[in-house]
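Student: Sequence:
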Amino acid sequence: MKYTIVDKDTCIGCGACSDVAPVIFCQDTKGNSHALLDNNKGTVQVPEELYDDLYDAYEGCPSESIKIADNSFDGNPNKFE
Numbered sequence: 024m025k026y027t028i029v030d031k032d033t034c035i036g037c038g039a040c041s042d043v044a045p046v047i048f049c050q051d052t053k054g055n056s057h058a059l060l061d062n063n064k065g066t067v068q069v070p071e072e073l074y075d076d077l078y079d080a081y082e083g084c085p086s087e088s089i090k091i092a093d094n095s096f097d098g099n100p101n102k103f104e
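Using my numbering, you'd call the opening residue of the sequence shown number 24 and step up by one each time.
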């Protein structure tokens, strides 16, 4: 099981994640990226068939704002740091 969330405090809104993984990430009205699966709460499991896209987005994020964990973030991108 994998969960993801975007730290909006560090996101620079480059859009790289939504280019690589548009089913998982998109940009909000302010230009920051967010996880689509649960409105950036980090509480819904990423489907296993999307793991490659998830990790490509994670590795390509220049601000390291995409977080991935084995447990729910419960809305807190810094929960596991």
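These are computed hints drawn from the structure, not numbers from a lab.
A few of these clues could be false.
[As the list claims (entries may be wrong)] Here are the simulated DSS-like pairs of lysine-lysine, each with C-alpha atoms no more than 25 Å apart in a straight line:
#, residue 1, residue 2
1, K25, K102
2, K31, K102
3, K64, K53
4, K31, K53
5, K102, K53
6, K64, K31
7, K64, K102
[Unchecked claim] Ranges of calculated distance between the beta carbons of each label pair, as one might list FRET restraints:
#, residue 1, residue 2, range
8, E72, D32, 25 to 33 Å
9, N94, N62, 26 to 34 Å
10, T52, M24, 14 to 22 Å
11, D93, K53, 24 to 32 Å
12, G98, C49, 26 to 34 Å
13, T52, S86, 14 to 22 Å
Virtual Cβ for every residue (Gly too), placed ideally from N, Cα, C.
Student: Does each hint hold? Answer for all of them.
Tutor: Going down the list of hints, with the structure as the test:
Straight-line distance between C-alpha atoms of K25 and K102 comes to about 14 Å, which keeps the hinted pair within the 25 Å bound. Proposed proximity of K31 and K102 is supported: the alpha carbons are some 14 Å apart, at most 25 Å. Proximity of K64 to K53 is assessed by CA-CA distance (about 17 Å); at most 25 Å being required, the pair is judged to hold. Straight-line distance between C-alpha atoms of K31 and K53 comes to about 10 Å, which keeps the hinted pair within the 25 Å bound.
At most 25 Å may separate the alpha-carbon atoms for a hinted pair to count; K102 and K53 meet this at roughly 24 Å. Proposed proximity of K64 and K31 is supported: the alpha carbons are some 11 Å apart, at most 25 Å. Annotation: proposed proximity of K64 to K102 holds, straight-line Cα distance about 12 Å (limit 25 Å). At about 30 Å, the beta-carbon gap between E72 and D32 stays in the expected band of 25 to 33 Å.
Separation of N94 from N62 is about 18 Å and departs from the stated range, judged on CB atoms against 26 to 34 Å. Our hint of 14 to 22 Å for T52 and M24 is violated, since their Cβ atoms are close to 30 Å apart. Under the hint 24 to 32 Å, the C-beta atoms of D93 and K53, about 29 Å apart, fit the expected range. Judged by the Cβ atoms, the range 26 to 34 Å given for G98 and C49 is violated: they are separated by roughly 18 Å.
Between T52 and S86 the CB atoms are about 19 Å apart, so this pair conforms to the stated range of 14 to 22 Å.
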